[in-house]
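With the hints as your guide, set chain B onto chain A.
Chains A and B supply the protein sequences, listed in that same order.
The first sequence finishes on residue 325 if you use my numbering, and the numbering steps up by one all the way, no holes.
The second sequence finishes on residue 462 if you use my numbering, and the numbering steps up by one all the way, no holes.
Derived from the structure by calculation, the hints contain no laboratory data.
Treat the hints with care, as some may be off.
Computed cross-link-like contacts, DSBU-like style, restricted to lysine-lysine with a CA-CA straight-line distance of at most 30 angstroms [as the list claims (entries may be wrong)]:
| no. | chain 1 | residue 1 | chain 2 | residue 2 |
| --- | --- | --- | --- | --- |
| 1 | B | Lys172 | A | Lys283 |
| 2 | B | Lys101 | B | Lys284 |
| 3 | B | Lys452 | A | Lys283 |
| 4 | B | Lys172 | A | Lys232 |
| 5 | A | Lys232 | A | Lys255 |
| 6 | B | Lys452 | A | Lys264 |
| 7 | B | Lys174 | A | Lys264 |
If we take Cβ atoms under 10 angstroms as the criterion, some of the chain A residues that face chain B in the derived model are [to be verified]:
| no. | residue |
| --- | --- |
| 8 | Lys201 |
| 9 | Gly221 |
| 10 | Trp222 |
| 11 | Val238 |
| 12 | Trp315 |
| 13 | Tyr318 |
Computed from a predicted structure; not experimentally measured.
Heads up, the beta-carbon is just placed ideally off N, CA and C, and yes, glycines get one too.
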Amino acid sequence: MVGIIQEKKTGRPAYVYGRRSKQRELLHEVNVGRFALIYRDGWTFSRDAAVGKTEADAVMTRGGRRAWIEIDNAGKQTRSQYQHKWSLYAGVTDFVLVVCQSEKRMQQVRGWSAAVRETALFTTFERLASSAAEPWIDYDGHTAEL
Amino acid sequence: MMWTKDGTPITNWGFNILKVGATRKGKSLSGVADILAHPEEAAIVFDPHPDSLAKEVLTHVEGNVLFVRLSDIDHPLGFTLLTPSSHPDPRRRAMENQKRADVFTDILLHRRGSDGLAGTPLMEEWTTAALMLFLYQKLPLPLRLLPSAFMAGTDEFDRLVNGCPLGEIKAKFRQYAAMPPRAQRSEAGSTQRLFSAVFRSPAFVAFSGGGFDLGRFLDARGKLIFERGEDVSDDAMRVIYGAVSHLIIDLAKARKSPFPRWRVHTDEATNAGLFSPRVEGKALAETSKNGLNFTIYVQNLDFPGGAEGVLQNSLRHEWFGCPLYDLARKAAVDILSGLPATGESRAARLEPLTNEVMNLPPGWRYVREPRGSWKEYVPMVPSPWPSWPGLAAAKLQEKLERIWERPEYRRTRDLLASGDRSTPTSSRSSDSSASPPPTSPPSSAAKRWKFGKGRPADGS
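This is chain B alone, in the form it adopts within the complex:
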């Protein structure tokens, strides 16, 4: 927080925001207004539902915009998800790989509603072991091989186990391979199903192939919009969003300057399991100084691990209509602390304020910031098109077609199209016919090397 010479606080936009309110009370539209009001920020929008925040942002935002619909594997962006560390120091490499395994275990398990280790110790054990098996390889392997860690007897399983230098992990999976099928199912059946659901999902395969420079896009104040779409499982959606969120946090921490600011908008953070105390919760507390802030949209305060950390580390609370008394009461307590004092007692002010929060109409909110609390109306952002039947949908589709022509999508498609050919396979006698050469125009190999345009080793 900064202050002017006369002591009044300078409220800038560099803080985390928590938006709480029941459905259809205007949280998402207020988020659109925020993004439009702050073009100097890069924005990343995670929307687990169709026809919600992502669609509204796409409708109104112009310029440097990329749109990702997880169910649309024809227009993927390749993110670098779950890659082994390549640090030259083996000890640092081991440390980084361990951390990545822990984070991905959290992304895979702890966002599914499991309250902690007590609920799923076996799944946690095998998840961590499989991730370690994948990350600790003599030669990086493509992510799509990860579910093969539970397919004993396959070439891919042998490749994973034989390529891992960690003795205890190898022994663990060799023991697993020696078990009868029934024992294998009881040991790791749940984990295998989870891994297959996530790492073999077409959405995950399409969006984890690498090739997209996320950091550079965000530093150019780009707006990256994620929408789940249809036919994408909860697990795949949570893992993709969680992994991208973690990637953004790592990129923010690694960049040299905190400007331009980046802001992650996470809609339905608690309902959709998109908030983890270990990842987003920790980032709320730590990444403001790296120029990364969060806007979290929730319907109630049932955050895993409690809401105290979120409330504490979000300097701006926006309370929309909350019909539930207990929640409205908490909101009233928060709001009251920022209202100017009157002659009335606190108790006398609290009850009417609670009632008011319970009955706030759509678009109205109470805002609590360090400079105080106030009530305001968020005007609807006018539609850029007349409300003629079918016009908005057609215009939106045109906009999407223009966005999909961007080179970022073409680059990812090229990598996916040529992907399997340059990936080491366990069988020498590959039966695949030669794939067509990349569609990008020929360029000098030396120039490509210098500018880092070679394909990453593990296909991500």
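Excised from the complex, chain A in its bound form:
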């Protein structure tokens, strides 16, 4: 066990088992794992995700296709921080999947992501849990399903 997190404002805290990380990063780690569980069928995940000049939260591969995963956990990164992040992805032609915690945050991050308009897809955990046929959306507003 590596720590305890409180996901909601009320209710019991949850024990977290997994790789060692700082307490303040535990919730982020849990969300990475949650995303991997959603796409556990057919996709292979790895946390060893060096890409461009940065490191993604994870990478998933299937059938020769690869996508880098960025979980926007705290929702506190600013526009300039995102723009710096995307500059580190310069030249990367694989897809980048950005998962946010809320629809509002997702639209905000999406608006900051012109630099990766050809490669980035955005969604929220709520969309993924819903029955939406195409929960992912790109910069131009087109939707897709993985």
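Relative to chain A, chain B alone:
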């Protein structure tokens, strides 16, 4: 074979062909005539020499044509060579990876003139181990890292070993890393040199990057012409041709319909080591029903593993001039079996026929098919241009320039140009500056995802 109602055989073109004859007897030009006579077939031409079959096909064929010169890395086509299996079932994944390792070991080793395991057991052992190390990775890695399997102490070596989930393979390479340099050289020095010669060759790097949809091109009856060019090693040429040949065989077996038919033309199959009993030999026996046939051009019958399988599975034998008595005799025996009976004895007919085969002029051949044997002359295909000095070369170059403008080349170049940036590196502090964005016009990420236009994971 099919028959009409009156019992005469229907000879279609859906069979394998063996063309045997000495040099300059017209085999290659007859191949050009075959390709022109059958536009309904897709054709893939493997030519290990310059100014031979590939050049003649390029001169005469029009339409949906792609040309690959292995030494011309400015105009590459990216083939998907040696990729790990991505089957969701781990057992099937293991089985497919094992098969791919075996096939590539064969491509790397058995076409070099090694007669079998007895000749190169150590090389075979380390070749198979390195391929398994590469194929069994938690995260697919680019093919160019494969030679690093023998560079103990490098980041790339650590990346390969640490990323492999197979315990015994990891242990093997960790033991290798612990050996003194001299021991490493004696264990795997030959294998390392082979791997470096092949997987670091500019031709191999350029042509193994993926991005070209070979199956779709062939289903559109395309003509894909390979020429070796200059400054490409025998090993690199053999591996590229062998791997593409294997890819074609796999694609043919996987497609739902055997039409349109595909035909692989392999020039100098035995001299250049382009024939493997395990790959092409097996395919000769199996892939006709998948709509894939072979035309094999050889100067003699010294096939690895013997010629019986090739002769048996090629329904059409074309015997051009064979000055060597023993070979001409074999040809005569084959031809005689299809000639109509006369009053003469077999022995009496065999000797003059042997002499005739030995002295056939260029362009003349004996053909042996299930419907019988006959002698014929293959007319020269007329040149599309007048024979003015320098005109043919200039026209050919113009044709090449037009071919190189096709999007298939541009797509591969774009992938190669952006290739290293999206490949995981062992060092976090990459010193490479950001590469320019792809030159293709911007498109919606969602649309690209739906139509599968993302870059493949391993750079192939």
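Hint check results:
Proposed proximity of Lys172 (chain B) and Lys283 (chain A) is contradicted: the alpha carbons are some 47 angstroms apart, above 30 angstroms. Taken as a hint, the Lys101 (chain B) and Lys284 (chain B) pair is honoured in the structure, with Cα atoms around 14 angstroms apart against an allowance of 30 angstroms. Using a Cα cut-off of 30 angstroms, the hinted pair Lys452 (chain B) and Lys283 (chain A) holds, with the two alpha carbons roughly 25 angstroms apart. Taking the CA atoms of Lys172 (chain B) and Lys232 (chain A), the gap is near 28 angstroms; set against the 30 angstroms cutoff, the hint holds.
Note on Lys232 (chain A) and Lys255 (chain A): the hinted pairing holds, with a Cα-Cα distance of about 22 angstroms set against a maximum of 30 angstroms. Between Lys452 (chain B) and Lys264 (chain A), the direct Cα distance comes to roughly 25 angstroms. Compliance with the 30 angstroms bound is thereby established for this hinted pair. Between the alpha carbons of Lys174 (chain B) and Lys264 (chain A) the distance comes to roughly 40 angstroms, so the proposed pair goes past 30 angstroms and is violated. A least Cβ separation of about 19 angstroms between Lys201 (chain A) and chain B goes past the 10 angstroms threshold, and the interface hint is therefore violated.
Evaluation of the Gly221 (chain A) hint against chain B yields a held restraint, the C-beta minimum of about 5 angstroms falling below 10 angstroms. Of the supplied interface hints, the one on Trp222 (chain A) holds, with its beta-carbon coming within about 9 angstroms of a beta-carbon of chain B, less than 10 angstroms. With a least beta-carbon distance of about 7 angstroms to chain B, the hint placing Val238 (chain A) at the interface is held under the 10 angstroms criterion. Look at Trp315 (chain A): its Cβ gets to within about 7 angstroms of chain B, closer than 10 angstroms, so that hint holds up.
Using the Cβ-Cβ criterion of 10 angstroms, the hint placing Tyr318 (chain A) at the interface with chain B is satisfied: the shortest such distance is roughly 7 angstroms.
Violation of the numbered hints given earlier is confined to hints 1, 7, 8; the remaining hints are satisfied by the structure.
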